[in-house]
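Note that the UniProt record's numbering numbers the sequence shown so that position 352 is 352, with each residue one more than the last.
Check before you lean on any hint, since a few could be wrong.
Derived SDA-like pairs: lysine to any residue, alpha-carbon spacing no greater than 25 Å straight-line [stated by the list, open to error]:
no., residue 1, residue 2
1, 350, 339
2, 558, 511
3, 350, 391
4, 334, 211
5, 371, 361
6, 350, 500
7, 305, 335
8, 160, 259
9, 98, 369
10, 706, 62
Keep in mind the hints are simulated off the structure, nothing from the lab. Bear in mind that the values here come from a model prediction, so they are computed numbers and not experimental data.
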Amino acid sequence: MMPKPKNTVSKPATTRTRRVPVAPKKPETIIVPIKKSPERFINRELSWLDFNQRVVEEAQNVRNPLLERLRYLSISASNLDEFYSVRVAGLAGQVREKLITSSPDGLTPSQQLAAIRERVKGLFANQQQTYLALKRLLAETGIVVCPVQDLTHDDLAWLKTYFLERIFPILTPIALDQAHPVPFIPNLNMAIALRLVGQRNDRNRKYVLILLPSQLLRFVALPIAPKHSTTQRFVLLEDIITLFISIIFPGYKISNYGLLRVIRDTDVEFEEEAEDLVRSYETALKRRRRGVVIHLDIDNQLPTKLADMVAHALEVPPEEITIHQGLLGMVDVKQLIVENRPDLLFPYYKSLVPARIREAGGDCFTALRSKDLLVYHPFESFDVVVQFLRQAAQDPQVLAIKQTLYRTSSNSPIVRALIEAAESGKSVTAIVELRARFDEEANIRLSRDLEAAGVQVVFGFADWKTHAKLSLVVRREGNVTRTYAHFGTGNYHPITAKIYTDLSYFTCNPKLTRDAVKLFNYVTGYARPSQMEAIAFSPLTIRKTLNELIDQEIEFVKAGKPGSIWLKINSLVDPRLIDRLYEASCAGVKINIIVRGICCLRPQVAGLSENITVKSIVGRFLEHARVFVFGNGHELPSKHAKVYMASADWMERNMDRRIEEMIPIIPEEIHDKVLNQLMVANLKDNLQSWQLNQDKKWCRVEATDKPFSAHEYFMDNPSLTVKKL
């Protein structure tokens, strides 16, 4: 079987046009067909870089506390690392394979790489400028990154001891000559390349590479001296190593040196027909560690000969070498975020346990039997999800638990609850997704722990990732058996649940729980359901359902009624769904889109999308919930609207190559909360929002005389209190 090319991009879908039937002898009504030009799309990769630029600009936003601004800078660097190791690596692989398939916006892989390189130059420069500005401000507040020349005699004495005890034993310097080729440099790791000369004979020279151990902190905190009691000082690891180079190489001194950092292709390929999927992934992960180097960062102090030597050995093309004037490995600046300076951090926020759970004394099943429950994380605590499963594990009346796991934390309370349930004799099934990028190793480990405890572990489809967020608990209650379900938009990850905005929906509604059982059976046993009662799911029915809902809005407009769509999603990429939104806009449907990251749709273009507006919210919390609203013949917001929450973004992979769920929000109170609180607040936000214009550029929304932050509002109203905004 020939391997599939990585990250190939499909051709734009053909957009449907309609003609309105007309009576004889009247002028024909003409609907202008949607333009087929690739210009109707924004490039996916460039749109993602736009999002990361918005993150950098939050690092520049003076409304944010100083150390939080530093956190945004670190996040932007981490984002960019992943972008290179996944997306750029995929495009580079297509170029190596001489693939010329164009993206929906009409760019070949090589053209996309050229555009990315040009855009990233400005992003790198912006990050460096931001770091220098933040470093100056930090120094004014008493957090100082010390250059070597500012160190005192006492500092040097302490650093020497620190070096000898904690750094020197770990270092492995490698000479660079014919007998010693450039050593393997792991992904995202840094190295110091040095040109050394003899202290007594300048002709005695050598070239050396020293890897910076990833186990060591990059920013080393100096002891706080009494005279500097209000100052916290840090020294860079590379400065400490070069400061004591004579200990490593007696009789030598540094002629010149510089840093370098590699980014490797981290895509995982595996044999689809492998008998043991876990073993196959373990082998693939080992290959990932030695993936092809697709980008090399070097600082401008690195000697040219050394730079050429390393680049040649790593086989990095010249266009993928970036020379930096400033700090390499910007992600490490998060180590400067000290917890003893609350004045420089966001005020502490403690999530609340939902009132109904508290009133039921923590008994989730009692609380849910009366009516469904919606929880909005992180404003309401994720502990309620943990409690739901922990109570199920300990309850002797619970017969079975079924759970999907895409990403979770180490030492996860969710996993512990499943293990406890299995060990107590309950039937427990866990669908573990091995292909959750960068969490594959953790998921392999937890799957083995679960199996050892007696949990039935299923890895799902070979071709499709299981991205749905589902928990199912079957409980004996008197003479009946009742099923409880949790549907989520976010992962079962207690740590990210504190910073991601997500929805949790708890129910024992028979229609929803029966559908959830069918969906579990579909993934575990390939039992394709003949019909679902309420839930739409990918890859079979979400796209079909969305198309039908868009068609209905178009038909309402044709009938003289309002047509309205509100969307809250992380990414809008799918070209076929974008073309459907264009079609709806041309028909007169009013569309408001809140997208966190990538948006390939161009709004406000005459004859194409003049009825579509797009905004993005980047703030204290990472927007992650997905909500789809259709007016159903009424202006939004309306109690008649059709409201859905989902695990799926509007991307081809979520529609066609993943297991996802999309559930209707029916109960009046929850419907009102999602529509009139969550969606209205997000649309109203003008302190953390950006607007996408027809020229493909994002502009920060200017706050009016009534500034409004959605995140601050929800911190004050965590349970989505029903009141008019």
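Structure-based check of each hint:
no., hint, in the structure
1, 350 x 339, "holds, 16 Å"
2, 558 x 511, "violated, 33 Å"
3, 350 x 391, "holds, 23 Å"
4, 334 x 211, "holds, 21 Å"
5, 371 x 361, "holds, 16 Å"
6, 350 x 500, "holds, 14 Å"
7, 305 x 335, "violated, 32 Å"
8, 160 x 259, "holds, 21 Å"
9, 98 x 369, "violated, 59 Å"
10, 706 x 62, "holds, 19 Å"
The earlier numbered hints that this structure contradicts are 2, 7, 9.
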